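Student: Okay, here's what each chain looks like letter by letter:
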Amino acid sequence: MRHGKYPFIVGFLILPVILYVVFVIGPYVQAFQIALTNWKGVSATPQYIGLENFTKLFEDEVFWAAVRHHGVLLLAVPAITIVIALFFSFLLNVAGGSKGGNLRGIWGSKFYRVVYFFPQVLAVAVVGVLFQAVYRPDETGVLNGLLNLVGIDNIGWLVNTDLALWSIIGVIIWQGVGFYVVLFSAGMASIPKDVYEAAALDGAGRFRLFFSITLPLLWDTVQVSWVYLGIAAFDAFALVQVLSVDRGGPDNATTVLPLEIWRNAFTYFKFGYASAMGVALFFMTITFAALTLRVTRREKIEF
Amino acid sequence: MSNPPSRPSEVSRRSMMRGLGLAAVAVPGAGVLASCATASPTPEAAPSSAAASSGATSPENPFGVKADAPLEVVIFKGGLGDAYATDIHQPLYKKKYPQATIKHVPTQQIAQTLTPRFASGDVPDMIANSGSDLMDNGALHQEGQLTELTQLFDAPSIDDPNKKVRETLVPGTVESGLIDGKPFVMNYVFTAFGLWYDAALFEKEGWAPPKDFTEFKALCEKIKAKGITPFAYAGKNAAYYAYWMICISAAKIGGNQVLVDLDNLTETSWTNDSVKQAAAAWAEIGKTYMDKSFEGLIHTEVQTRQNQGKVAFYPSGSWLENEQKKQTPDTFKYAICPTPSVTAADKMPYEAIRAAAGEGNIIPSKGKNVPGGLEYLRIMLSKEGARGFTEKSGNITVVKGAAAGLALSPGNTSVAAAQDAAGENIVTFSSFEGWYKELETELRKQTNALMFGRITADQFCAAMQKKATAVKNDSSITKQTRSL
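First to last, the protein sequences are chains L and H. Going letter by letter, the first sequence gives residues -13 to 289 in the numbering used here. Going letter by letter, the second sequence gives residues 70 to 553 in the numbering used here.
Any given hint could turn out to be false.
Ranges of calculated distance between the beta carbons of each label pair, as one might list FRET restraints [unchecked claim]:
# : chain 1 : residue 1 : chain 2 : residue 2 : range
1 : H       : Ser478    : L       : Val7      : 53 to 61 Å
2 : H       : Ala414    : L       : Phe269    : 51 to 59 Å
3 : H       : Asp527    : L       : Leu149    : 26 to 34 Å
Hint data in this document are derived by calculation from the structure and do not stem from the laboratory. Note that the structure is a prediction, hence the values are computed from the model and not measured. Using N, Cα and C, we set each Cβ at its ideal position, and we do this for glycine too.
This is chain L alone, in the form it adopts within the complex (with noise of 0.2 Å):
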């Protein structure tokens, strides 16, 4: 058989490839050519300008505004959905003692399963729709009309400058938490259970598993997911162009990159620039997941 290996492999991968290349590679090469020209996206010669869709974006203060707002996402995303999720999950699948020798999540926690998978199952465009709702800022809004009936007064959740970007996150980890509990739970399963035996036999706590034994064995997971979450908070496109007043007010409050792509790119046809942000975007996403999986390297715990 092993004559025909390569012709073989090569079959099978030649059609993925292509359409990786095409679909993907090309366009991203493309994205950086277009960047260095004043292209509209109407004629068929576009002039090469240099570096002077790079020398702009330094003065541009809507630009900074969003990068600043991908800042704070990467600080908060990650790291408040890591912690949810973690928490959900050690509830889900240890915190309920063990029976039998078999330890298990809390009474009811199949059900959770399913009901924290929820958000996932919609789509962005549907979360979105359902968070306006929700955030509605007179009384009609679901949290305001909840306030009012314990006689606090209206919110403005996307009107008030310095609330609207949290508001914002407040969705986007609403959303992603379901999925990580579910990616943690499987890590957990995978988890020998004669380790915790054997640390609830020394007389570990709950905390004390948690933090000794599911968290280092799990820490291979959680890493991937901060990856994850990570390039997800350099994104946040749909929820802030649905969301946002204006798609990315009140005053830039809550604008991002893509956003500020699309409009470059779609609203005032300004391509060329768009295609700097996206390439600005790019170095920015490749540079914090390389940073993350250095910074977070340990040592894999075989079991």
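With chain L fixed as given, assemble chain H onto it according to the hints.
Tutor: Chain H only, in chain L's frame:
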């Protein structure tokens, strides 16, 4: 029909995406990686109109229509229906040219129906290019697909051969269809912009539309005392409804030249006194009488609140009544009033109103019967054609005085009255909204900040001037100019 001149940006964005989609479909065949989105075919040069199908011209037949040439008319069948075409305009054409056969094509998806036909060259002779799936007129023009309409507007009117067609139309109609300084689009429906209120409620309470801002504020106090929000707009997606009011007031204070200067990005166009006074006057109304929560609502939400009697004045255009048809209770009677005068020395009277022509009609340049298409438009612009349109669709046209004596909806009746009262005092449109989307986006942002009390009128003007200068100095943005 859903939102005629109100959201041009989204239409062009949509057409743009579609265009890109088509380009992407066309690409894969041609050398995988080398093919690139920037390589598109060069547009063909525009051929002259009046192809082989034209006959002899005469005063009755200014475009030289061949009596037996078939005519194909594509009508967007949306909120206006298509009865005005089949029952009024086409019979009128048929009456003049009995030998001609007319092919009537109603569609709700103009672009999906016609884009492939434009690509293959088999185009109809007249298109009512409207709806949310309309074709991008600018793009069609760039491809040389549109017939210039100067000959139509300079042709003798059907009702009075001594008058040119352009003289029978509301001021600004021809200008509204300019592309690169020449008319290519015949905008047919008259749209008025101003403050909308419930005439029934105002009558019940004994309130009258305010003539100046002192009256406006006094009335707002009375309205507020009744527990109604005196003035509101939707900050989330319709900040432009508010900046329209600021622009209109600025034009009333300093004349239409103020708006032309804004379009031309002249040096102190935003910081001049007219704009400042207008911004300050509206900011006071917004800050004092509008709840903060309106910044987070969308236009239909605010409009519904008005229908429920929770909002008194709402800035919008004359599509509003139609848009709210389903939500409007029977007791609610839409009426429009002009924006109140800001100073006693305003250059334009209180009655002056902003009016614009919408619902574009185009004549493809590569059609088989271009003269027939032009003649069809001339018939639409006759008194009889325009009256029939208003009767069938309930909307007022750009033909002056054509709707006189017709039974109209409350909103349209008040628009017609406002049109009469304004006479020649028409506040001009703003082209920068379409020309410089960056400036427009900034204006939306700053308008919300101004109207919800985060910045002062001075800061508003300074911020806008800064952006206007930036746009002016940005070499990647093609500049356009206009004059009155």
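Student: Determine whether the Cβ-Cβ distance between Ala414 of chain H and Phe269 of chain L falls within the hinted range of 51 to 59 Å.
Tutor: At 57 Å between Cβs, range holds.
Student: Is the gap between the beta carbons of Asp527 of chain H and Leu149 of chain L within 26 to 34 Å?
Tutor: Distance hint for Asp527 of chain H, Leu149 of chain L holds at roughly 27 Å.
Student: Check the following: the C-beta atoms of Ser478 of chain H and Val7 of chain L are separated by a distance inside 53 to 61 Å.
Tutor: The hint (53 to 61 Å, Cβ to Cβ) holds, given that Ser478 of chain H and Val7 of chain L are roughly 59 Å apart.
This entry satisfies every hint, going by the numbered hints stated previously.
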